[in-house]
Amino acid sequence: MTGRARVFGGDVNTDYIITSRRKRESLDPQVLRRYLFEELDADFAASVEPGDLIVAGKNFGCGSAMEVAVTAVVGAGIPGVLAPSFSRTYYRNAVNNGLLPVVCDTSGIHEGDRLTVLRGEGLAVRNETTGETIAAAALPRIMWEIVAAGGLVPYFRRHGDFQV
Amino acid sequence: MGMTLAEKILARAAGRETVAPDQIVVARVDLAMSHENADLVRKSFLEIGVARVWDPSKIVIIFDHRIPAESEKTATTHKAVREFVAAQGIQNFYDVGRGGICHQVLPENGHVRPGMVLVGTDSHTTTHGAFGAFATGIGATEMAGVWTEGALWFKVPSTLRIEVGGEFRPWISAKDLILRVIGMLGAAGADYQAVEFDGPAIRSMTVASRMVLANLSMEMGAKVAFTPVDETLLDYLRPRTTEKLEMIGPDPDARYQRVIHLSAGEDLWEPQIACPHAVDNVKPLSELGDVPVDQAVLGSCTNGRLEDLEIAARILAGRTVHPHTRLIVIPASQQIYRSALRLGYLDALVAAGAMVNAPGCGPCVGVHQGILAAGETCVSSTNRNFLGRMGSKDSRVYLASPAVVAASAVAGKLAHPETIVKEVPCLTEV
Numbered sequence: 001m002t003g004r005a006r007v008f009g010g011d012v013n014t015d016y017i018i019t020s021r022r023k024r025e026s027l028d029p030q031v032l033r034r035y036l037f038e039e040l041d042a043d044f045a046a047s048v049e050p051g052d053l054i055v056a057g058k059n060f061g062c063g064s065a066m067e068v069a070v071t072a073v074v075g076a077g078i079p080g081v082l083a084p085s086f087s088r089t090y091y092r093n094a095v096n097n098g099l100l101p102v103v104c105d106t107s108g109i110h111e112g113d114r115l116t117v118l119r120g121e122g123l124a125v126r127n128e129t130t131g132e133t134i135a136a137a138a139l140p141r142i143m144w145e146i147v148a149a150g151g152l153v154p155y156f157r158r159h160g161d162f163q164v
Numbered sequence: 001m002g003m004t005l006a007e008k009i010l011a012r013a014a015g016r017e018t019v020a021p022d023q024i025v026v027a028r029v030d031l032a033m034s035h036e037n038a039d040l041v042r043k044s045f046l047e048i049g050v051a052r053v054w055d056p057s058k059i060v061i062i063f064d065h066r067i068p069a070e071s072e073k074t075a076t077t078h079k080a081v082r083e084f085v086a087a088q089g090i091q092n093f094y095d096v097g098r099g100g101i102c103h104q105v106l107p108e109n110g111h112v113r114p115g116m117v118l119v120g121t122d123s124h125t126t127t128h129g130a131f132g133a134f135a136t137g138i139g140a141t142e143m144a145g146v147w148t149e150g151a152l153w154f155k156v157p158s159t160l161r162i163e164v165g166g167e168f169r170p171w172i173s174a175k176d177l178i179l180r181v182i183g184m185l186g187a188a189g190a191d192y193q194a195v196e197f198d199g200p201a202i203r204s205m206t207v208a209s210r211m212v213l214a215n216l217s218m219e220m221g222a223k224v225a226f227t228p229v230d231e232t233l234l235d236y237l238r239p240r241t242t243e244k245l246e247m248i249g250p251d252p253d254a255r256y257q258r259v260i261h262l263s264a265g266e267d268l269w270e271p272q273i274a275c276p277h278a279v280d281n282v283k284p285l286s287e288l289g290d291v292p293v294d295q296a297v298l299g300s301c302t303n304g305r306l307e308d309l310e311i312a313a314r315i316l317a318g319r320t321v322h323p324h325t326r327l328i329v330i331p332a333s334q335q336i337y338r339s340a341l342r343l344g345y346l347d348a349l350v351a352a353g354a355m356v357n358a359p360g361c362g363p364c365v366g367v368h369q370g371i372l373a374a375g376e377t378c379v380s381s382t383n384r385n386f387l388g389r390m391g392s393k394d395s396r397v398y399l400a401s402p403a404v405v406a407a408s409a410v411a412g413k414l415a416h417p418e419t420i421v422k423e424v425p426c427l428t429e430v
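Chains Y and V, in that order, give the protein sequences. Sequential numbering of the first sequence, starting at 1, is according to my numbering. Sequential numbering of the second sequence, starting at 1, is according to my numbering.
Excised from the complex, chain Y in its bound form (with noise of 0.2 Å):
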């Protein structure tokens, strides 16, 4: 996984992700994801490439429990967050539907570093704008495994239920 990086702060809040109000028109990925970041940054939605990588600080995705704030940053193209803290919710959120949830230090990295996440015994990150590896918190294999199928709803489908 190879992309941009698209930085944010912390407690980045779901309603900073994607406003309710705009729930009240569609939940649909495909519309919601040109109003991504909108309270945060109103140009964002137009930037982003299929690829991109969120960068943000601590506690990521706090606030509501709305998958919206999951699948909106998906139908963006975009498959990974990295972070070094994520709200439960939003992590739960995050793995059910294939967006990479990636726990690190993020201090380092800065808007548009080209960025590798690398899978091995644990998970890495490496910029290749700064050179720099940065380790990666591990991602249990079964949270792996739900990731790799793009989600829950494709992981059952090809499994039947957990494979523990």
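Simulated from the structure, these hints should not be mistaken for laboratory data. The structure displayed is predicted, hence computed values, not measured ones. Just so you know, nobody snuck in bad clues.
Straight-line C-alpha distance at most 20 Å; calculated EDC-like pairs for lysine to aspartate or glutamate: (1) Y:K58 x V:D22; (2) Y:K23 x V:E72; (3) V:K393 x Y:E39; (4) V:K155 x Y:E145; (5) Y:K23 x V:D39; (6) V:K393 x Y:D43; (7) V:K393 x Y:E25; (8) V:K73 x Y:E25; (9) V:K393 x Y:E38; (10) V:K43 x Y:E25.
Assemble chain V onto chain Y, guided by the hints.
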């Protein structure tokens, strides 16, 4: 080695002797609750392609976010869920006019019991930790997995224990305590953790007040939050269920990530207010100066219960809502609505100039029944004050206790109840 309450319940549900923090387990689910977003769950469930839900008796669906339907889109959603519920034989369905806010309706009707694993497609599902349930919010997709399998993966949380001693000062409530804690620990202060509240000040609380602590713990990131399972709780539950009730608690030698000691008397001198635009931006009322309010809201899964309506009614009785302020009151459930009618609370509030809306989430989620205009300020007994939460992104929401909301409605600005009423009303739980 002993286990915390979260560990104990998860171990049992996962069929293991013990579990430890950070372990991933697959646990059976005892109760699966959804509101209108049951429609999203339904769509994912159909995608998985299984014909029947795992156990219709363990699914509860309660409409609360947009009732009655405020748009054709919502009406269509409601209709689709009704049809699904009928087709799947889901008996525990609370339609418009039958229930109210899901987190009130579940315990009120005896669906929640100590020791359960309860998941809900709503972040404030933590509320049910006040009933000794391992209760947490999940997304719609994983709920479709629960409807299919009756099980879900969980990361075992570490536990933060908060012991509160002493006695509350006049006018200080559970809301002030939990706002103070969130202010101290921050919005991620308990991220992915279980919280156990205990101590004399907690055990002296009503069940309704304990629900406030468990409910708002979500706003510091908690996965689950418990208050003690004791006689007070069992007295609440016994008339509501025929199922066996278990006195469950943490082991005496349980391991905690951290233990915090607070004194209700010494650490809480005055009402606490969460200021715009974050729940952890908490300040004591006296530091805020003059803050005129256009709207005051009393309701929600946090503070729309009978004791909340009662204290507001006692503050507003014989007084009027300030001419520049509007007061919106929303009982949390049909049962609370009826009790508040019977006891005269709603009459006192309406006589003072309050507008009473039907039980439901109301304007808390910013979709209807009291949206704010640009430049407006609201004082609210609800649970979130994010930018644009209740309407315009140029509006401001201050979160406060029901007593402060009522007093502010009279004063037309943020106000301490003692400036409106000289004597603290004596409250009785009904």
